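K.L.:
Which chain is which? The protein sequence lines are Z and B, in order. So for the first sequence, the numbering used here puts the first residue at 8; every next one is plus one. So for the second sequence, the numbering used here puts the first residue at 7; every next one is plus one.
Bear in mind the hints are in silico, worked out from the structure with no lab data behind them. Any given hint could be a false lead.
[Claimed, not checked] Just some of the chain B residues that point at chain Z, by a computed CB distance under 10 angstroms:
no. : residue
1   : S70
2   : P74
3   : M146
4   : G155
In this text, all values refer to a predicted model and were calculated from it rather than measured experimentally. Positions of the beta carbon are idealized from the N, C-alpha and C atoms, including for glycine.
Take a look at the letters that make up each chain.
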Amino acid sequence: MAILSPGTVAPAFTLHSTPDQSLSLSDFRGRNVILAFYPADWSPVCGDQLALYNELLPEFSRLDAQLLGISVDGPWSHAALSSDRHYHFPLLSDFEPKGEVARAYGAYHATEGVAERALFVIDGQGVIRWSHLSPMGVNPGADGILKALDDIHAVAGQELP
Amino acid sequence: MSGTLAVPVTEADHAKGSADAAVTLVEYGDYQCPFCGMAYPIVQDILARSGAKLRFVFRNFPLSQAHPYASMAAQVAEGAGTLGRFWEMHDWLYQHQDAWTESGAEGIADGVRAVGLDPARMEQALEDTHIAERVRHDFMGGVRSGVNGTPSFYLNGQLYAGGFDTLGQAVAKLVAQAP
Numbered sequence: 008m009a010i011l012s013p014g015t016v017a018p019a020f021t022l023h024s025t026p027d028q029s030l031s032l033s034d035f036r037g038r039n040v041i042l043a044f045y046p047a048d049w050s051p052v053c054g055d056q057l058a059l060y061n062e063l064l065p066e067f068s069r070l071d072a073q074l075l076g077i078s079v080d081g082p083w084s085h086a087a088l089s090s091d092r093h094y095h096f097p098l099l100s101d102f103e104p105k106g107e108v109a110r111a112y113g114a115y116h117a118t119e120g121v122a123e124r125a126l127f128v129i130d131g132q133g134v135i136r137w138s139h140l141s142p143m144g145v146n147p148g149a150d151g152i153l154k155a156l157d158d159i160h161a162v163a164g165q166e167l168p
Numbered sequence: 007m008s009g010t011l012a013v014p015v016t017e018a019d020h021a022k023g024s025a026d027a028a029v030t031l032v033e034y035g036d037y038q039c040p041f042c043g044m045a046y047p048i049v050q051d052i053l054a055r056s057g058a059k060l061r062f063v064f065r066n067f068p069l070s071q072a073h074p075y076a077s078m079a080a081q082v083a084e085g086a087g088t089l090g091r092f093w094e095m096h097d098w099l100y101q102h103q104d105a106w107t108e109s110g111a112e113g114i115a116d117g118v119r120a121v122g123l124d125p126a127r128m129e130q131a132l133e134d135t136h137i138a139e140r141v142r143h144d145f146m147g148g149v150r151s152g153v154n155g156t157p158s159f160y161l162n163g164q165l166y167a168g169g170f171d172t173l174g175q176a177v178a179k180l181v182a183q184a185p
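Use the sequences and the hints to build the structure in full.
P.N.:
Here it is, written out as structure tokens:
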């Protein structure tokens, strides 16, 4: 299964961001969204990848983008991870039905039962503008995300702060 | 992902070795990162073995949410740099990482004294906003170069994808090929 490519409308979703709160992709209409699927809470590479993105929140914000992490882990695991690592962005639980959103984006690894390490940059109209599938164990960094956001702003001719 | 150094090495960088050296090794590092601590003696060993054919450049990549004292340590090293003592401070921070990681700001202050810097002049140096900007500039240049964690090494502008345990061999190969 290939991940969704640029130009595709991003599939809608509503998922738990905390045990008692939910977020929808449509909540962010008008802003860019970085959707970071990752295999599992607590695994080392995810930690590094999310730690890097956590550090880049001011830069993402400058580029008018909201970061959303997403895995099949439950909201309590996410809550514990966020608290332990001082993450300041939502982690969404693709938990029930398991992996449904990851499947919709072509980013579900069925034999492992986890999300792939896949990145999507979605524009304010809800269209995927960039996507990238990384091998499970490889941290993709953030240069691709930043370049995609730069391109969105360049096409729109927007001045950035 | 690009794996190419996005910000070329210039005279503004902290460098050991000559600008004419055939091989340039750039490290993006975090002073509080234990893996960078482990890489430190390996880099020292590489420097000792490579001689004049190698130039080593250090750039800041503090993951301050993961390592609460990493930004402070980076700024102190840069502050020491404005007083002409960057490498002494850099060496001290890695050589005593375990100690000051435990004691935080006080431990770093011990280092400032140990390196022989006047704490008052240091405090003054750190008030300069250019220092925080420089650390951030290093960091963003690293992100644009595809740095995905620390330490990340670039050999002649290309990300070294292997572990730092094999870095010495990779450098030795390039040094041997150099005229």
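K.L.:
Would the stated hint for B:S70 survive a check requiring a Cβ distance to chain Z of less than 10 angstroms?
P.N.:
Since chain Z brings a Cβ to about 7 angstroms from B:S70, closer than 10 angstroms, the hint holds.
K.L.:
Less than 10 angstroms between beta-carbons is the criterion; does B:P74 satisfy it with respect to chain Z?
P.N.:
9 angstroms, holds
K.L.:
Hint check: is the beta carbon of B:G155 less than 10 angstroms from a beta carbon of chain Z?
P.N.:
It holds, given that the least Cβ distance between B:G155 and chain Z is near 4 angstroms, below 10 angstroms.
K.L.:
Mind checking the CB of B:M146 against every CB in chain Z and telling me if the closest is under 10 angstroms?
P.N.:
At 7 angstroms from the nearest chain Z Cβ, B:M146 passes the 10 angstroms test, so the hint holds.
No hint from the list above goes unmet by this structure.
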